[in-house]
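Could you put together the complete structure from these sequences and hints?
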Amino acid sequence: MANANTSTLERESPAATNSIASTEGFDHGLERLENAPQWLLELKRSQWREFLALPMPTPKAEAWRFARTGNLSLEGYQLPTDLPDADKKSVLESSHLFESFAGKMVFANDQLLEQTAATQEGLIWSPLSNAMSEHGALLRKFFMTFTPDLGSEKFQALHAALFSNGSFLYVPAGMEVSLPFVAYHTACGQGTAVFPHTLVIADAGAKVHLVDIFQSARKDTKNFACGMASIFAGPGAQVSYQAIQEWNLETLSFHLNTVSAERDSNVETIMVSLGSRQARNEQHISLNGPGGNVDNYSLSVPIGNQEVDQRTLQSHKAPSCRSNLLYKNALQDDSRTVFSGLIKVAELAQQTDAYQTNRNLLLSNSAEATSLPGLEILANDVKCSHGATSGKLDEEQLYYLLSRGISRKRAQELLVFGFFEEITSQLENEELREHLNSWIGRKFHATPPTKNLEG
Amino acid sequence: MPATIEKETSSESIAIDRDIGNFKYKEDYSYDAGTGLSEKTVEYISNVKNEEEWVRDFRLKALKIFESKPTPTHWASKDLENIDYSKIRYYLSKGQQPSRTWDEVPDDVKETFERLGIPEQERKFLAGVEAQFDSEAAYSNMKTKLAEEGVIFVGSTEGLKEHPEIFRKFFGKVIPTGDNKFSALNSAVFSGGSFIYVPPGVHVKQPLQAYFRINAENFGQFERTLIIADEGSEVTYMEGCTAPKFETTTLHSAVVELVAMKGARIQYITVQNWSENVFNLVTKRGMAMEDATIKWIDCNIGSRLTMKYPGVILKGRGARGEVLSIALANDGQHQDTGAKMIHAANDTTSNIIAKSISVGTGRSSYRGLVQMPKHLKNCKNNTECDALLINTNSRTDTYPAINVRGDGNSVQHEASVSKVSAEQIFYMQQRGLSEAQAMSLAVNGFVNDLIREFPMEYSVELKRLIDLQMEGSVG
Amino acid sequence: MSSLDLRNLKINVGGKPIVKDFSLTVPKGEVHALMGPNGSGKSTLAKALAGHEDYEIVGGEAFLNGQNILEMETDEISRAGLFMAFQYPSEIPGVSIANFIRAALTARLAENEELDAAQYYRRLYEKMDLLKIDRKFTARSVNEGFSGGEKKRCEILQMAMLQPQIAIMDETDSGLDIDALRIVSEGVNTMRGPNLGILLITHYQRLLEYIVPDRVHVMWDGRIVRSGGKNLALELEEKGYDWVKEEVAAV
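In order, the protein sequence lines correspond to chains A, B and C. Be aware that the first sequence starts at 1, since it is given in our numbering, and climbs by one per residue. Be aware that the second sequence starts at 1001, since it is given in our numbering, and climbs by one per residue. Be aware that the third sequence starts at 2001, since it is given in our numbering, and climbs by one per residue.
Read the hints as simulated data drawn from the structure, not as lab findings. Idealized CB from N, CA, C, for every residue including glycine. Accuracy of the hints is not assured; some may be wrong.
Pair by pair, the computed Cβ-Cβ distance ranges are [to be verified]:
| # | chain 1 | residue 1 | chain 2 | residue 2 | range |
| --- | --- | --- | --- | --- | --- |
| 1 | C | N2195 | B | E1471 | 52 to 60 Å |
| 2 | B | H1074 | C | K2136 | 47 to 55 Å |
| 3 | B | E1414 | A | G418 | 16 to 24 Å |
| 4 | A | E176 | C | D2134 | 26 to 34 Å |
| 5 | C | E2076 | B | E1453 | 31 to 39 Å |
| 6 | B | F1125 | C | Y2120 | 22 to 30 Å |
| 7 | B | E1414 | C | E2114 | 50 to 58 Å |
Structure follows, in structure tokens:
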């Protein structure tokens, strides 16, 4: 969006009253919620108090083990003000990755810029700002009823207190929609904080696919993004969800996601972490009914001194469920990743199949990968395993590519594509797969935000 | 003169089982530090041992660290809160000088070890034995030939006094006092344990063995072991332990430090069979220099709660560390065991194989740490954790932490959880084995590849121990 | 006379009747073949007789040498002299074949008796040579990583070592190439004699060319619908099972 010559960066001087860490800021945000029902306002107030009461994470906290906690300060971020038209225009221009889709929403700083209406009878595809008043009862039944609680409780509370918009997708029983619904979330302006929320409810036997794209208007704005995505898959429902996180490399981001899978449902989620200086991703999967099946994939390609901190929980609460998790990270420069996962099998969850795999590819001498793959098994008739590997590229493979005249950088890139293929091949949508490959490729040609010590 | 036996087990013979240690003799101590822990307790121990000033200061400093450190319940079992340090007795002995022959050992103590089969084992296959009864070694002896070769095998009290030039150089260096709350506790009140030095090039072919016996109620045993294998030497150390079953809490908190100099090999074998009232909170770590090997073989069958993660700091190029761990948690037990591998030099290799069996309400946890810091090349770690769950209410956890920097190293970790399948049991029953026999065979099969690593004498004992633990687990 | 004597057996699996009214006597010294199409209840019968708890015997009687095996546990049935060569033998990781067979033999001894190790290995090797099983196999875990043929040979090895009075061989020929089939059959044939009765469960006539049966029974829908001499198997091969089905339907 280089053509945005009148950007918010120069013009906007953030009002102190908008600071996200101040109660004034919170009150100000509340005033802007025109359509919010009473229960939601109360929830927001209580979550604000919760936010104030909870301590900031420290390195000593088990849920933050090995993660950086020094740069989590919320000072200097403020809630967004109205965007100038020029900015809106450029956001809209950069929000058309898909030629074909079932529905589309474009948000800039949590403000809805564009929406295509849903044509299916009974299906709801609505910005949350409208859903609050139009579908209040349905919203209330699901909204924030299941949260990850994997260490970022303070930020969850902040999200609940300050969120103002996002996408709400309800698919009625038995309805199948094969094209994806796509929501674009763009952060604009220096110091802006955004709180995108995604809520997907697939009723019994429904089938749906949603893609969230998170991006920044400019490369150099320091932003704070704290998003939540909750998926509720009813009995026999099939849900596919992909989140592409491409905030700029100055952003501090949280993506706090949950999957709730009922009997015989099938859920597949893919989280792609490309941006952020520090990204904290939480994924809590709850298998509530027999036959539930959840696949959870994640890939990250950190460069410079990016940190991707991933915390997951696969909670088997019912018998005969299956969950499979695969997290792959390819690290360059001084980047860091932390994967901390837990498979929890309740006493009554016999015949569980649960798998958890973390593979880290270290591409530089100062990249750092940490794996904390955990199991807590309280039932005995289970198939559970986890695996974690951290290593370098296969020298033989690299040599083979070099011997064909391919440059080292390009050969590495090709092998990294190969490394991720296990995940990218899961993407059925061809357009998305192509975009993803080009995004990953870009991480090999990008200038890292900090000086690469290796030269 | 025969001693009075207060408690008898039903079994007449000296069979190897959980109950083998369940007997005690009347308490008759010349030295008793009383109940509870204070500077006075520490000074009493130091005075009795007639220690040098630096040792006394070391102890007092450790006490302060112990008191300042919180109980680590933010990650460890809440059961730790049930230890009442003010109700424990920290030092009990009949004297500080161990006997060199069994004849000189007081009758009741001698009978204890005879019942446990120690003198017999010594005759059969050991190069030396130290037998600790509560706070001090009652017996300590080694084959004359080894002494002639310059091997030192004495208790820690004697080691501190007679060999300060070697002892002081490494004492507390592998495991600093403040490593954790329990290493601090041990550093304040340690007594007993072994001090071993093997001179360059000496291969001690038969194992040296220590046997730790708790006899008194409300007692805390805090042995401190330091083994130094000088360049190119080799030594195998084995330890066994038992205690009578008491209603009240017994605490065992040892610190074991190993140092393997260039090209040396140390193998340390533990068969832990404490009674079910013992909190077993032990810190064990070795430092392996260039091309040296340290191998921990750790088998935990007994105790109420065991927390033990033997580690190796791979300090010299080409060093190798290994932990083989077997844990069996029966009803009410929690075996929280694992391994730590700290890679600190290029071309270092570590290997961890941990197998656990949970029976009844037993809980086995694996906790591990593998660390490969920046700029190391060609380091490798391989970790395998397998858990076997016998009953529907058995529990297992796995909590590894793997931290790797740089593109020159490789780490692999695999863990699995399984049960003995009904089909396997049926198959074996069709060949005429009872359900219990079939279960026992399957469990032995599960740990078989690890048990093979034990010296013969121990593998037989271990298999029987596991068999006995499996009794009554099915049906 | 000692034998396997089955009278009006009714067996349910998951509440569904599979074996409906099955009667058969296999005297010692004879080889009986039980043939039938898939789903006729052959394997259900075999597993139920070995005391598998998923197979519920809801009616009838089963005697081994006059002992009622329906009141016995799986291991007791085995020790009483009934051997089951499974279609899909279990894998027992970490338990070597040598130790496993040894444990099974020891289970047959009185409490204070011990197996003579030297004699045991002599016999084991002898039987392994007969079945052309490499001696290195003794150290391998039971059935773990075995090919189909190796598993079946391992079953026959156990049978040879445990010396049952009645052996039920469930689809022993499945998954065997012609060489393996010959070796297995030779092994079985050397065991034939007045002290062993065999019930061969098979889908195909092929096995019966190598192990020639004294009697052949055809099972269909949970019961025996035809019995005859060894020529019945040839007749089946020629005409197929549809012929039996049609005949049954006609009756």
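Now for the hints, and whether the structure bears them out:
A hinted range of 52 to 60 Å is violated for the C-beta pair N2195 (chain C) and E1471 (chain B), which are about 36 Å apart. Checked against the given bound of 47 to 55 Å, the beta carbons of H1074 (chain B) and K2136 (chain C), roughly 52 Å apart, stay inside it. The supplied range of 16 to 24 Å is met by E1414 (chain B) and G418 (chain A), whose beta-carbon atoms lie about 22 Å from each other. Take E176 (chain A) and D2134 (chain C): their Cβ atoms lie about 56 Å apart, and the range 26 to 34 Å is violated.
At about 37 Å, the beta-carbon gap between E2076 (chain C) and E1453 (chain B) stays in the expected band of 31 to 39 Å. Range check, F1125 (chain B) to Y2120 (chain C): Cβ separation about 27 Å, and the 22 to 30 Å hint holds. Roughly 40 Å separates the CB atoms of E1414 (chain B) and E2114 (chain C), a value that falls outside the hinted 50 to 58 Å.
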